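Protein sequences, first through last, are from chains A and B. Going left to right, the first sequence walks through residues 35 to 302 as the numbering used here numbers them. Going left to right, the second sequence walks through residues 35 to 302 as the numbering used here numbers them.
Please note that a few of the clues may not be correct.
As the list claims (entries may be wrong) - Derived lysine-lysine pairs resembling DSS-like cross-links, with alpha carbons at most 30 Å apart: (1) A/Lys132 with B/Lys100; (2) A/Lys53 with B/Lys52; (3) B/Lys156 with A/Lys138; (4) B/Lys100 with A/Lys40; (5) B/Lys156 with A/Lys136; (6) B/Lys114 with B/Lys156; (7) A/Lys156 with A/Lys132.
Calculated from the structure, these hints are not laboratory results. Note that the structure is predicted; figures quoted are calculated from it, not measured.
2 protein chains.
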Amino acid sequence: MRIIKKSKEINSLFNSFKKTGFVPTMGSLHKGHEYLIKKSVKENNVTFVSIFVNPKQFNNKMDLKKYPKNLKEDVKICRKCKVNYLFLPSFKEVYSWKVQSKKKTPKIKNIMEHKYRKGHFKGVIKVIEKLSNIIPASKMYLGEKDFQQIKVITDYFNINKVKTKIVKCKTVRDKNGLALSSRNKLLKKENLKKAVNIVNFIKKIKLKNIHSNLKINIIRNYLKKNDVKFDYVQNINLKQFNISKNRTINTRIFFAFYLGTVRLIDNL
Amino acid sequence: MRIIKKSKEINSLFNSFKKTGFVPTMGSLHKGHEYLIKKSVKENNVTFVSIFVNPKQFNNKMDLKKYPKNLKEDVKICRKCKVNYLFLPSFKEVYSWKVQSKKKTPKIKNIMEHKYRKGHFKGVIKVIEKLSNIIPASKMYLGEKDFQQIKVITDYFNINKVKTKIVKCKTVRDKNGLALSSRNKLLKKENLKKAVNIVNFIKKIKLKNIHSNLKINIIRNYLKKNDVKFDYVQNINLKQFNISKNRTINTRIFFAFYLGTVRLIDNL
Numbered sequence: 035m036r037i038i039k040k041s042k043e044i045n046s047l048f049n050s051f052k053k054t055g056f057v058p059t060m061g062s063l064h065k066g067h068e069y070l071i072k073k074s075v076k077e078n079n080v081t082f083v084s085i086f087v088n089p090k091q092f093n094n095k096m097d098l099k100k101y102p103k104n105l106k107e108d109v110k111i112c113r114k115c116k117v118n119y120l121f122l123p124s125f126k127e128v129y130s131w132k133v134q135s136k137k138k139t140p141k142i143k144n145i146m147e148h149k150y151r152k153g154h155f156k157g158v159i160k161v162i163e164k165l166s167n168i169i170p171a172s173k174m175y176l177g178e179k180d181f182q183q184i185k186v187i188t189d190y191f192n193i194n195k196v197k198t199k200i201v202k203c204k205t206v207r208d209k210n211g212l213a214l215s216s217r218n219k220l221l222k223k224e225n226l227k228k229a230v231n232i233v234n235f236i237k238k239i240k241l242k243n244i245h246s247n248l249k250i251n252i253i254r255n256y257l258k259k260n261d262v263k264f265d266y267v268q269n270i271n272l273k274q275f276n277i278s279k280n281r282t283i284n285t286r287i288f289f290a291f292y293l294g295t296v297r298l299i300d301n302l
Numbered sequence: 035m036r037i038i039k040k041s042k043e044i045n046s047l048f049n050s051f052k053k054t055g056f057v058p059t060m061g062s063l064h065k066g067h068e069y070l071i072k073k074s075v076k077e078n079n080v081t082f083v084s085i086f087v088n089p090k091q092f093n094n095k096m097d098l099k100k101y102p103k104n105l106k107e108d109v110k111i112c113r114k115c116k117v118n119y120l121f122l123p124s125f126k127e128v129y130s131w132k133v134q135s136k137k138k139t140p141k142i143k144n145i146m147e148h149k150y151r152k153g154h155f156k157g158v159i160k161v162i163e164k165l166s167n168i169i170p171a172s173k174m175y176l177g178e179k180d181f182q183q184i185k186v187i188t189d190y191f192n193i194n195k196v197k198t199k200i201v202k203c204k205t206v207r208d209k210n211g212l213a214l215s216s217r218n219k220l221l222k223k224e225n226l227k228k229a230v231n232i233v234n235f236i237k238k239i240k241l242k243n244i245h246s247n248l249k250i251n252i253i254r255n256y257l258k259k260n261d262v263k264f265d266y267v268q269n270i271n272l273k274q275f276n277i278s279k280n281r282t283i284n285t286r287i288f289f290a291f292y293l294g295t296v297r298l299i300d301n302l
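Input sequences plus hints: build the corresponding full structure.
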C-alpha cells in the first residue's frame with residue numbers, strides 16, 4: 035500500500051494506468067524488434083507483443099512460405115524484455131474478430147511498396163484493423179525500416195480516429211550498417227556481404243553534395259553493374275511523401291532490391 | 035509473461051486495466067468501511083481509500099472537534115484490506131485543487147439531513163467535487179446508512195456527467211442491530227444500550243402491518259416518552275425520494291436522534 039498526500043501524484047497515477055504499449059510483429063524477432071519492445075516496456079506499464087505472420091500481406095506465396103519462424107527463441111526474447119502479454123493468435127482468431135463500425139481505407143500513393151507489392155498494404159491494413167481493435171493500446175511501436183507502412187497505418191488511424199498513438203522508432207542496424215530484418219536470416223553468406231556493400235554504397239552517395247537526381251542515377255547504375263535486381267531507388271520527400279526531384283533537407287533515399295530470391299528494403 | 039491465444043481474453047484484460055475503485059471516508063474506520071473497501075478490492079484492480087475529515091460538511095463546530103480520529107488503526111485496516119493507495123490530504127491539498135469546468139449543483143429536497151443540518155450537503159458536494167476529480171475512479175463505494183448522501187452524490191454525478199459509477203452498499207450493523215458509525219465510539223455505555231433499544235423498537239414497528247403514518251406516530255411517541263431528542267422520523271419513498279403518507283413497498287423509515295450530544299442517523 036502506498037500512502038499519498040499530494041493530489042498531483044494521484045493524477046499521474048491515473049495517467050500511468052492507461053499506459054499500454056503494443057508491438058505487432060511477424061515473429062523471428064531480432065534486435066530491431068527488441069528495441070521496439072524495450073522502448074514500449076520503458077514507456078508503458080503494460081506491454082503487448084503479437085506474433086502473427088499475416089498471409090494477407092504477402093503478395094508472393096514463396097515469400098510467405100519461407101518467411102523465417104523461430105517461436106521458441108521469440109518467447110525467450112519477450113520474456114527477457116519483460117513483455118507482459120504475448121499474443122499468439124491463429125489465423126481464424128484474428129480474422130474472425132468483428133471490428134465495430136465500418137472503417138475507411140486511406141489513399142496510398144502508388145509508389146514504392148504499394149507499386150511493387152500489389153495488395154501488400156491492403157493486407158497490412160486488414161491485419162492492423164483487427165489487431166489494433168483486439169489490443170487497443172495507448173501506443174503502437176513501429177520501426178522506420180518499414181517507413182511507408184508507418185505512413186499507411188498512421189493515415190488509417192487518423193481517418194478512423196483510432197486512439198492508439200504510433201511511435202516511430204529508428205531502424206536498428208548490424209555493425210556493418212545493414213538494417214536488421216527477419217529476412218536477413220535467409221541470405222547466403224556471400225549475399226549478406228553484397229547487401230552490406232550496397233547499403234554502404236548508398237550511404238556514401240547519399241552524403242555527397244550533388245543533385246539528388248544524380249545520386250539516384252549513380253545508385254541505380256551501381257546496382258545494374260553488379261547485377262542486383264531492384265524494384266526502386268527513389269528520393270522521397272518525407273513531408274509530402276512523394277518522389278522529390280530536388281534536394282531538400284527532409285528527404286530520404288528509399289530502395290528495394292533482391293539478392294537471390296530474398297527482397298530487402300531500407301531507407302537512408 | 036502471459037501467453038494469450040484468444041482475442042477475447044485481451045478484451046477483458048483491457049476492461050480490467052480501467053477498473054479503479056474509490057472509498058472516500060472521514061477515517062476512524064469500522065467494519066462498515068471495511069465492507070466497502072473489501073468490495074472495492076474484490077471488484078477492481080486498484081483501490082483508493084481517502085481519509086479526510088471535511089470541515090465544510092459539519093454544521094456544528096463541536097461535532098467536528100470531537101469527531102473521532104484514529105489514523106494509526108486506519109492505516110492498519112487499509113493495509114489488511116489490501117488497499118493500493120491511501121490518500122491522506124491536507125485541507126489545502128483538497129481545496130486548492132482546481133476542478134476544470136463549472137459544475138452544476140443538484141436540487142436537494144428540504145427533508146431529513148438537508149433540513150436539519152444546514153449547509154451539510156453543500157459541504158459534501160464541495161468535497162466530492164474535489165475528491166472525484168482528484169481520484170477519477172471507475173466506481174465509488176458508499177454506504178446506505180447515509181442514504182440521502184448517496185442520493186445527492188448520484189444526482190451530482192448525473193447532472194455533471196461524472197463517469198464514476200456509485201456502488202450503494204448495505205449498512206453494516208453490530209450484533210445488536212445498531213448501524214456502525216464512527217460516532218458510536220463517542221457514546222457512553224448506557225447510551226449505546228439506549229441506541230440499540232431505539233433501533234430495535236423501530237425495526238419491530240416497521241414490520242407491523244399497520245398504516246405507515248401510525249408507525250411514525252408510535253415511534254415518535256416512544257422517543258418522546260424516553261426523553262430522546264430527535265430531528266426527524268419519517269417514512270420515505272425511495273423512488274421519488276419524498277415523505278410517503280401511504281404504505282408502499284418501496285419505502286424506508288429514516289430517523290435522526292440524539293443521545294447526549296451524539297447525533298445518530300439510520301434507515302430501516
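- What are the numbers of the hints the structure violates, in ascending order? 1, 3, 5, 6
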